[in-house]
Every structure is written in C-alpha cells, then in structure tokens.
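J.: Assemble the complex: chain A is given as a structure, and chain B must be docked to it using the hints.
Top line first, the protein sequences correspond to chains A and B. In terms of this note's numbering, the first sequence opens at residue 155 and continues consecutively. In terms of this note's numbering, the second sequence opens at residue 11 and continues consecutively.
Watch out, some of these pointers could steer you wrong.
Stated by the list, open to error - Label pairs and their in silico Cβ distance ranges:
1. B:Val168 x A:Pro158: 42 to 52 Å
2. B:Val168 x A:Gly199: 31 to 41 Å
3. B:Leu197 x A:Glu194: 47 to 57 Å
4. A:Gly199 x B:Lys181: 46 to 56 Å
5. A:Pro158 x B:Leu25: 32 to 42 Å
6. B:Leu86 x A:Gly157: 40 to 50 Å
7. A:Arg198 x B:Ile175: 21 to 31 Å
Rather than coming from a laboratory, the hints here were simulated on the basis of the structure. Where is the CB? At the ideal position from N, CA and C, for every residue including glycine.
Here is what each chain is made of, one letter per residue.
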Amino acid sequence: MLGPYAAFIVGAYAAAVLVVGALIGWVVLDHRLQRRTLQELEARGIARRSERTGSHEQRQR
Amino acid sequence: MAVIELANPSRFLALSGRLLPWLAAATALAFAIGLGQAYSAPDDYQQGATVKIMFIHVPSAWLAMMAWAIMSIAALGTLVWRHPLADVAAKSAAPIGAAFTFLCLVTGSLWGRPMWGTYWVWDARLTSVLVLFLMYLGVIALHRAVEDPGRAGRAAAVLTLVGAINLPIIKFSVDWWNTLHQGASVLRLDGPTLHSTILIPLLNMALAFLLLFVTLHVAAMRNEILRRRVRTLRMMQAQSAPGR
Numbered sequence: 155m156l157g158p159y160a161a162f163i164v165g166a167y168a169a170a171v172l173v174v175g176a177l178i179g180w181v182v183l184d185h186r187l188q189r190r191t192l193q194e195l196e197a198r199g200i201a202r203r204s205e206r207t208g209s210h211e212q213r214q215r
Numbered sequence: 011m012a013v014i015e016l017a018n019p020s021r022f023l024a025l026s027g028r029l030l031p032w033l034a035a036a037t038a039l040a041f042a043i044g045l046g047q048a049y050s051a052p053d054d055y056q057q058g059a060t061v062k063i064m065f066i067h068v069p070s071a072w073l074a075m076m077a078w079a080i081m082s083i084a085a086l087g088t089l090v091w092r093h094p095l096a097d098v099a100a101k102s103a104a105p106i107g108a109a110f111t112f113l114c115l116v117t118g119s120l121w122g123r124p125m126w127g128t129y130w131v132w133d134a135r136l137t138s139v140l141v142l143f144l145m146y147l148g149v150i151a152l153h154r155a156v157e158d159p160g161r162a163g164r165a166a167a168v169l170t171l172v173g174a175i176n177l178p179i180i181k182f183s184v185d186w187w188n189t190l191h192q193g194a195s196v197l198r199l200d201g202p203t204l205h206s207t208i209l210i211p212l213l214n215m216a217l218a219f220l221l222l223f224v225t226l227h228v229a230a231m232r233n234e235i236l237r238r239r240v241r242t243l244r245m246m247q248a249q250s251a252p253g254r
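Only chain A is shown next, with the shape it has when bound in the complex (with noise of 0.2 Å):
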C-alpha cells in the first residue's frame, strides 16, 4: 500500500512517534519531579511568604 519507500514513510511516522512521546515524558515526569520536590520542601515547614500570609489570613478568617 505504501510501495516502494514504505520504510521511508514509516521511518518518518516513528520518528514523529518518538519526538512527540519524549516531550509527552519529559513534560510528565517533570512536573512529577516539581510536585513531589516542592511538597517534601512545604513539610519541612519551608513555605513562601505569599503563602504564610495567605494561611495566616486564613486563620484571622
């Protein structure tokens, strides 16, 4: 069906396949990376001062 530069048009597929699917990764496992970071910091009881007043405005609520 894709005659005789099948393994050109399939080649070109893959590599779309291939560079698409490693954004996919990087973009997931990145954000994985910086959740998992960022709550580790947050129990230590390290939180930015954004943060600290909104919870404090919180508790005055």
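T.: Then chain B, alone, in the frame of chain A:
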C-alpha cells in the same frame, strides 16, 4: 477580571490545571481525525505515497517557526514589561520548538532521499531551518548556563529577538534563492495549490499539531512555575540554615 490578573502565576496555575485535560482530549481527538484522513488520502501523482510524510513534515515546520515567534513576543514581554510569565512562556517554548524543528529536519530528510536522491543538501531552506534548530539549542543552553532565572531570561530574550530575523529568511528562502526545496504551496497570496483531498488532511493535521503544542506549552509553563517556586524555597531554606 483584568488580563493582568490572568497573567498572575498562581492564577495561571489554577486556570491551566482546569484547562489542561480538555486541551489534551481535544489534541487526541484532532490527531485521531487527522491521522485517519492522512491514512486515506490519495497518493500524489508525482510523489506517490511519500506525500504522506508531508502531513507531519509541514505542521512540524510551521510549529518550529511559530514557537520562535511566540518566544519573540514573550521576549518583548520580558525586556519591556518584565512580566514573570513572559519569561516562563519563552523558556518553556524553547525545548518544544527545538523538538519540532528536529522533527521537521528528520522527516524532511526522509522525504528528500526518495524524491531528491539525497538526505541533505545545503540549500537556503534546509540550512536556515538548521540554523533555527541551532539557535533553539543556544537559547536552551543559555537558560541552563546562567543560574539566576531573571538574568538568564533577559539574555535569552535578546538572543531570541536577534534570532527572529531568521523567520522571514526561512519563509522566503525558496523565493529569494534557487533551492532544491519546493516553493510555498499552502500559505500563498493566490491561495493553496494543493488539491482538497491533500489540503484538508494537511490542515487537520496542522490543527492537531497546534493543539499538541498548546497543551505541551501550557504543561511546561506550569512545570517552570513550580521549578521557580522550588528554587525560592531552597534559597529560603539555605538562608535560614544554622550558622548563617
């Protein structure tokens, strides 16, 4: 709600978190339709089935240039208004743009071999796209080389704006020089020269790629915001460490 409030990083995180699943679903649907149409599209009378490579090569090329254009607009936001999200947007777009430029070069090579008899030729279109890829790598390297995100962002913004001169060179290279690469056949003043049986699948694949780019870019921007929060917390932790 003012636009400037929407551009607040915390608000962006909240809104994009709700938007992202819908964007991902729309991307998957667009690819299902686009790939189905690409599979059933007729062969070209000259190029045969290799025309199917066009359905990924051309959208990749468009995105490669669009990502740099977005980075250039964001660079203005960084340098003129110093908006934190502008720098986040520019930095997050660079690896995605580089990936699509790489895909454009690879698929172009795989299309060129059966049609031109060679994987590569140093003509103006191919060379200017290779220069774009190298510039993407330069911007990524610059962001990694400078530790302070603010300084890195401003330096990368200048490089991005200088590099934007390459966009019209890529677009018009096939008109300005005698190239092996064919001239424009979709984005032309007198309209596309492609038959609708090829043009419609191509436009649908372009829409799918565009949605993929938006989804990945929004997700990468969220990650970059979180990365900067982690950096801030680590600096606070270091400052409050005993012995300081």
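J.: Please go over all the hints and tell whether each is borne out by the structure.
T.: Cross-check of the supplied hints:
| no. | hint | in the structure |
| --- | --- | --- |
| 1 | B:Val168 x A:Pro158: 42 to 52 Å | holds (49 Å) |
| 2 | B:Val168 x A:Gly199: 31 to 41 Å | holds (40 Å) |
| 3 | B:Leu197 x A:Glu194: 47 to 57 Å | holds (49 Å) |
| 4 | A:Gly199 x B:Lys181: 46 to 56 Å | holds (54 Å) |
| 5 | A:Pro158 x B:Leu25: 32 to 42 Å | violated (50 Å) |
| 6 | B:Leu86 x A:Gly157: 40 to 50 Å | holds (47 Å) |
| 7 | A:Arg198 x B:Ile175: 21 to 31 Å | violated (48 Å) |
Violated hints, in rising order: 5, 7; the structure is consistent with all others.
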